[in-house]
Amino acid sequence: MRKPIHITAPRPTLEEWAKHFPISKASEKALQALVDEFKAMHSNRGNEPVSSIEPEKRRKRASAA
Amino acid sequence: MPPLPDPNGVFLNIPYDEEFSSLYVAYIVGLCQLDLVPHLASEIPGGDRRLNRIFKLIQSCRYSIHDLSRVELSVAPTAVPRFNMPLELGMTIAWANLHPSRQTWFVWESEPYRLQRSASDLNGTDPCIHNGTAEGVLRELRNAFHRDKMPSAPDMLGVYRFVNNQLNAILLRNGTSNPYDRSVFMELCRLSNYLTEILRHTKPAV
Numbered sequence: 102m103r104k105p106i107h108i109t110a111p112r113p114t115l116e117e118w119a120k121h122f123p124i125s126k127a128s129e130k131a132l133q134a135l136v137d138e139f140k141a142m143h144s145n146r147g148n149e150p151v152s153s154i155e156p157e158k159r160r161k162r163a164s165a166a
Numbered sequence: 410m411p412p413l414p415d416p417n418g419v420f421l422n423i424p425y426d427e428e429f430s431s432l433y434v435a436y437i438v439g440l441c442q443l444d445l446v447p448h449l450a451s452e453i454p455g456g457d458r459r460l461n462r463i464f465k466l467i468q469s470c471r472y473s474i475h476d477l478s479r480v481e482l483s484v485a486p487t488a489v490p491r492f493n494m495p496l497e498l499g500m501t502i503a504w505a506n507l508h509p510s511r512q513t514w515f516v517w518e519s520e521p522y523r524l525q526r527s528a529s530d531l532n533g534t535d536p537c538i539h540n541g542t543a544e545g546v547l548r549e550l551r552n553a554f555h556r557d558k559m560p561s562a563p564d565m566l567g568v569y570r571f572v573n574n575q576l577n578a579i580l581l582r583n584g585t586s587n588p589y590d591r592s593v594f595m596e597l598c599r600l601s602n603y604l605t606e607i608l609r610h611t612k613p614a615v
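Which chain is which? The protein sequence lines are F and P, in order.
The numbering of the first sequence is our numbering, which starts it at 102 and goes up by one.
The numbering of the second sequence is our numbering, which starts it at 410 and goes up by one.
By construction, these hints were calculated from the structure, which means they are not laboratory data.
Hints may be right or wrong, so weigh each one.
Unchecked claim - Below, in silico cross-link-like pairs of lysine-lysine (DSSO-like), each with a Cα-Cα straight-line distance of 30 Å or less:
1. F/Lys120 <-> P/Lys465
2. F/Lys130 <-> P/Lys558
3. P/Lys558 <-> F/Lys120
4. F/Lys140 <-> P/Lys558
5. P/Lys465 <-> F/Lys104
6. F/Lys120 <-> F/Lys130
Claimed, not checked - Pulled a few chain P residues facing chain F out of the computed Cβ check, cut under 7 Å:
7. Val446
8. Asn552
9. Ala553
10. Arg556
11. Arg582
12. Met595
13. Asn602
Stated by the list, open to error - Computed list of chain P residues with no C-beta within reach of chain F, every gap over 10 Å:
14. Gln525
15. Asp530
16. Asn577
Idealized CB from N, CA, C, for every residue including glycine.
Kindly produce the complete structure, drawing on both the sequences and the hints.
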């Protein structure tokens, strides 16, 4: 097994991401809603790994309660 | 000579089929979380011959991932082998041999030892085995690439699940059922990047 390649290049900035992947204003708005949903889920769970707060799991927990 | 490649660019040479879509999302999310920039042949506009456009894309990326996990024959009645991915891998290997500092390529498979049978000329190459699962793709990305302050494996998986759960809504919004469409690919990359930024600012990296 080969060693992982250590990436030392600077991380792309948000502006560079936007340049690589241009999207419409409407898409931008829709994604922002998803980002807000993710943020809310994440802040509700503190430092718990986000893999344990996926919507499906949250629904199951809610229905079991 | 083409300009130097994007040091964060990764050319994704993957099968464009419905069954592969969850792994496709895992590749996008995983690469974005490592702050690597995924590129697909479908993102480049038409005009030039398709093979020329793909070659330019390969040349513009510092790394490439060639997923040969779907080497079986396509569905009958056409039932032909899928040559596109090995063809693009061959082009990449030739380019990397000529300019090793500009291109590093990886072969990915779902089953161990199958590559030795399907492409024995690649013996001596260690493929990344993802076992046909999204978790496997994320694990192998972490094995292939390392960057300071990477997100944890559970966080990567959590972001993948969140993004994958949104795929149908993104398809609907873009008026397509094809997850490999340019517009869908762009949105998946942007969403993955946004979520990575949130994690970076709220959780300690490992």
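Each hint, compared with the structure:
1. Taking the CA atoms of F/Lys120 and P/Lys465, the gap is near 18 Å; set against the 30 Å cutoff, the hint holds.
2. A threshold of 30 Å between alpha carbons decides the hint, and for F/Lys130 with P/Lys558 the separation of about 29 Å falls inside it, so the pair holds.
3. Between P/Lys558 and F/Lys120 the alpha-carbon distance is near 24 Å, which keeps this suggested pair within the 30 Å criterion.
4. At most 30 Å may separate the alpha-carbon atoms for a hinted pair to count; F/Lys140 and P/Lys558 meet this at roughly 20 Å.
5. Between P/Lys465 and F/Lys104 the CA atoms are separated by roughly 28 Å; this keeps the pair inside 30 Å, and the hint holds.
6. With a C-alpha separation of about 17 Å, the suggested pairing of F/Lys120 with F/Lys130 holds against the 30 Å cut-off.
7. Because the closest C-beta pair between P/Val446 and chain F is about 6 Å apart, less than 7 Å, the hint holds.
8. Hint status for P/Asn552: holds, given a least beta-carbon distance of 6 Å to chain F, under 7 Å.
9. Here the hint on P/Ala553 is kept, as its CB sits about 6 Å from the closest CB of chain F, short of 7 Å.
10. Here the hint on P/Arg556 is kept, as its CB sits about 4 Å from the closest CB of chain F, short of 7 Å.
11. Annotation: interface hint on P/Arg582 holds; nearest CB of chain F at approximately 6 Å, less than 7 Å.
12. For P/Met595, the interface hint holds, since its Cβ comes within 7 Å of a Cβ in chain F; the closest pair sits about 4 Å apart.
13. Checking P/Asn602 against chain F by beta carbon gives a least distance of about 5 Å; that is within 7 Å, so the hint holds.
14. Against chain F, the non-interface label of P/Gln525 holds: every CB pair exceeds 10 Å, the least being about 16 Å.
15. Under the 10 Å C-beta cut-off, the non-interface status given to P/Asp530 relative to chain F holds; the minimum distance is some 19 Å.
16. Every C-beta of chain F lies more than 10 Å from that of P/Asn577, the closest at about 13 Å, which supports listing it as non-interface.
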